[in-house]
Each structure stands twice: as C-alpha cells, then as structure tokens.
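> Single-letter residue listing:
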Amino acid sequence: MNSGGTDLWTLVTIVGLACITVLARCFFFISSKSWSLPPWAQRGLQYAPIAALSAVVLPEVLMTQGHLVPTWADARLFAAAAGAIAYFWKRDVLMTIIAGMAVFLPLHLGLGW
Amino acid sequence: MFLRRSLREHPEFRVGAADMLPQAPGIAAWGLMTGVAMVKSGMSVVEALAMGVLVFAGSSQLAAIPLIVAGAPMWVILATGFCVNLRFVVFSLHLREYLMYLPRWERLVHGYLTADMAYFLFVRRFPQPAVEPHRRVAQEAYLAGNTCVGWTSWVVTSIIGVALANFIPTTWGLGFAGILCLVGILCSLATTRLRILSASVAAAAAIAAYALPLKLNIIVAIAAAVSLCLAVEKLKPAVTKEVRG
Numbered sequence: 001m002n003s004g005g006t007d008l009w010t011l012v013t014i015v016g017l018a019c020i021t022v023l024a025r026c027f028f029f030i031s032s033k034s035w036s037l038p039p040w041a042q043r044g045l046q047y048a049p050i051a052a053l054s055a056v057v058l059p060e061v062l063m064t065q066g067h068l069v070p071t072w073a074d075a076r077l078f079a080a081a082a083g084a085i086a087y088f089w090k091r092d093v094l095m096t097i098i099a100g101m102a103v104f105l106p107l108h109l110g111l112g113w
Numbered sequence: 001m002f003l004r005r006s007l008r009e010h011p012e013f014r015v016g017a018a019d020m021l022p023q024a025p026g027i028a029a030w031g032l033m034t035g036v037a038m039v040k041s042g043m044s045v046v047e048a049l050a051m052g053v054l055v056f057a058g059s060s061q062l063a064a065i066p067l068i069v070a071g072a073p074m075w076v077i078l079a080t081g082f083c084v085n086l087r088f089v090v091f092s093l094h095l096r097e098y099l100m101y102l103p104r105w106e107r108l109v110h111g112y113l114t115a116d117m118a119y120f121l122f123v124r125r126f127p128q129p130a131v132e133p134h135r136r137v138a139q140e141a142y143l144a145g146n147t148c149v150g151w152t153s154w155v156v157t158s159i160i161g162v163a164l165a166n167f168i169p170t171t172w173g174l175g176f177a178g179i180l181c182l183v184g185i186l187c188s189l190a191t192t193r194l195r196i197l198s199a200s201v202a203a204a205a206a207i208a209a210y211a212l213p214l215k216l217n218i219i220v221a222i223a224a225a226v227s228l229c230l231a232v233e234k235l236k237p238a239v240t241k242e243v244r245g
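Quick note, the sequences are listed as chains A and B, same order. When you line the first sequence up against this note's numbering, it's residues 1 to 113, in that order. When you line the second sequence up against this note's numbering, it's residues 1 to 245, in that order.
Derived by calculation from the structure, the hints in this document are not laboratory data. Hints are not guaranteed to be accurate.
Pair ranges (Cβ atoms, derived) [as the list claims (entries may be wrong)]:
(1) GLN42/A - ILE168/B: 40 to 50 Å
(2) VAL15/B - LEU68/A: 50 to 60 Å
(3) LEU37/A - THR152/B: 32 to 42 Å
(4) VAL15/A - GLU106/B: 19 to 29 Å
All of these numbers come straight from a predicted model, not from anything done at the bench. Heads up, the beta-carbon is just placed ideally off N, CA and C, and yes, glycines get one too.
All chains, please: the whole structure from these sequences, using the hints.
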C-alpha cells in the first residue's frame with residue numbers, strides 16, 4: 001500500500017472486514033432455521049482467537065524485517081513486557097497501553113532504540 | 001436498532017443508555033487509540049475513517065492494520081479478522097434466543113451494533129429471553145439504548161483519533177500503541193492452560209513460517225495451534241476438565 005494515498009483495494013478490504021463483523025456477530029441468527037456447529041468446531045472456537053492474535057502480535061514485537069531481533073536494544077521488547085505485566089497486575093487493557101507506551105516512548109525517542 | 005422512534009421513546013432505552021454511559025470513557029480511549037494507530041501505521045485518512053466507522057470492531061481492526069500495510073491478500077486479512085472475532089460467534093448463539101422473533105434485517109442491525117460491552121450489559125440485565133410482546137420490546141429498547149451510546153462514543157472518538165494523528169510525527173512510533181492494545185487483549189484471553197499453549201504454538205509457528213508469502217504464516221499458525229489444542233484435549237481429557245470453566 002502506498003502510504004498516504006487511498007487505495008481502492010484497501011477500501012474494498014475494509015468493506016469486507018465490515019461484512020466479517022456482521023457475519024461474526026450475527027453468525028447464529030442470520031438464517032431463520034435452527035442449526036448448530038459440529039462439536040469439534042465449537043471446541044476449536046476456544047483456541048482460535050488467542051492463536052490469531054498471538055500470530056499477528058508476536059512477530060510485530062519480536063521481528064525486524066523478517067528476522068528475529070538481533071539485539072536487546074529494542075524498545076518494543078521492553079514495552080510489550082511492561083504492558084503484559086501491567087495487564088496481569090491491574091487486569092485492564094488500558095493499563096497495558098499506558099504502561100507499554102510509558103516504557104516505549106523514552107526508550108524509542110530518548111535512546112533511539 | 002436505535003433509529004426507530006418507538007424504541008427511542010421506550011423508558012428502557014434510557015436505562016440502556018445510562019448503563020452504557022460509565023463504559024463510554026473506556027470505549028472512547030480505545031477508539032481514540034485505534035484512530036491514531038490506523039493513521040500512524042500508514043493508512044490514509046479516508047481509509048482510517050472508513051475503517052473506524054464501518055468495521056466497528058477494535059481488535060479485528062488492529063489485527064488487520066499490519067496485514068493491510070504489508071499488502072497481504074484480502075482473504076488472509078478477512079480470515080484473520082474473522083478468527084479474532086470468533087468470540088462474537090459464541091455470543092450470537094446466546095443472543096439468538098433474544099432476537100429470533102425479529103425480522104432478519106433488524107436482527108442483523110442489532111447484531112452488528114452489539115459489541116462486547118453491549119453484549120455483557122444486555123445479558124446481565126436480562127438473564128432470560130422474554131416471551132411476552134411488551135417485555136420483548138423492553139429488551140429491544142434497552143439493547144438499542146446501549147448500542148446507541150456505545151456506537152456513538154466509538155465512532156466520534158475514532159474520528160478524533162484520526163484527526164489528531166495528523167499532528168503527531170510518525171517518528172514517535174505511536175502506531176505501536178495498537179500492538180500494545182492487542183498484547184493486552186492477548187493476556188486477557190490467556191485464561192486456561194490450553195489457551196496459553198495455543199498462543200505459544202501460534203507465536204512459534206507464525207515466526208517460523210514468517211518467510212511464507214501473502215502473510216500465510218498467520219493462517220498456518222492458527223491451524224497449527226487449534227489442531228494441536230484439539231488433539232491435546234482428546235489425548236488428555238483430565239487436563240481439559242481441570243482447566244475448563
């Protein structure tokens with residue numbers, strides 16, 4: 001995607017994501033007939049969301065240009081760790097963002113990590 | 001749906017709106033941050049506005065941003081968005097009992113607008129689906145009041161976030177706030193040992209398969225994690241029993 005410019009394909013993807021929101025939130029009442037998922041799929045539902053998030057998030061934190069980060073001097077590592085600790089301390093996602101950015105910004109802007 | 005007058009004038013509409021109001025600052029902070037994260041990741045203002053207003057699902061938006069910026073194919077982005085949204089599939093099974101008497105397009109509008117907070121508040125206030133017509137209308141009006149406040153605070157603050165982002169230099173790296181938000185959601189989902197296993201397997205697989213084209217590493221990671229967890233469930237029913245609930 002060219003940064004700054006609006007890409008038609010991206011807009012189509014966004015409309016697609018809006019349809020995904022409707023599909024997921026209305027999944028069992030789109031059809032007027034009564035039906036249910038097979039049991040294995042219902043159990044699989046428990047594990048898929050955390051797998052999808054983890055697969056998106058961890059490479060964004062641990063990798064640079066397709067490789068594991070070569071140095072500890074990377075603000076993202078410490079910020080993500082601080083954010084996770086803050087979550088388990090306060091049980092609040094907003095705290096994760098606040099604590100994580102409080103670590104990220106000084107390291108990133110101050111030390112250039 | 002909060003556009004209908006009969007619902008807006010029902011007393012339960014105000015109750016639903018009042019219950020949602022204390023949650024509004026939380027939703028607002030999310031919307032603001034998502035708006036900033038979208039623009040800071042390199043999406044255009046039009047794209048960011050369209051996403052905030054139409055997609056109306058913070059976690060799938062945030063998960064989609066790095067994929068869109070990396071130029072992943074649409075089906076990978078949509079599949080990832082759907083997987084992140086799977087909790088709503090479970091909610092929809094529950095909401096079905098409450099909404100099935102409505103015509104389809106009204107069900108779809110209610111479903112679309114019912115994000116996490118609205119769902120939790122709604123089923124807390126009405127543990128049982130109503131049967132009598134007047135109580136059904138009351139439930140619908142409550143849900144409408146709820147989603148009206150939730151939707152408005154999300155959309156308004158997303159737009160403010162997009163506007164503010166243009167005054168902040170990209171070098172600050174504020175887009176990382178979106179990743180931090182996902183880190184928080186990730187932690188909040190890690191409630192059972194098998195889910196932690198799922199997250200670990202998915203992370204390892206996504207990194208190991210990173211070189212795959214089209215961001216297919218994400219799909220590989222989800223498939224690997226879910227099938228491994230289902231296999232472990234089958235092999236070790238005792239573990240499953242212990243962690244379930």
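> Could you work out which of the previously given hints the structure breaks and list their numbers from low to high?
none
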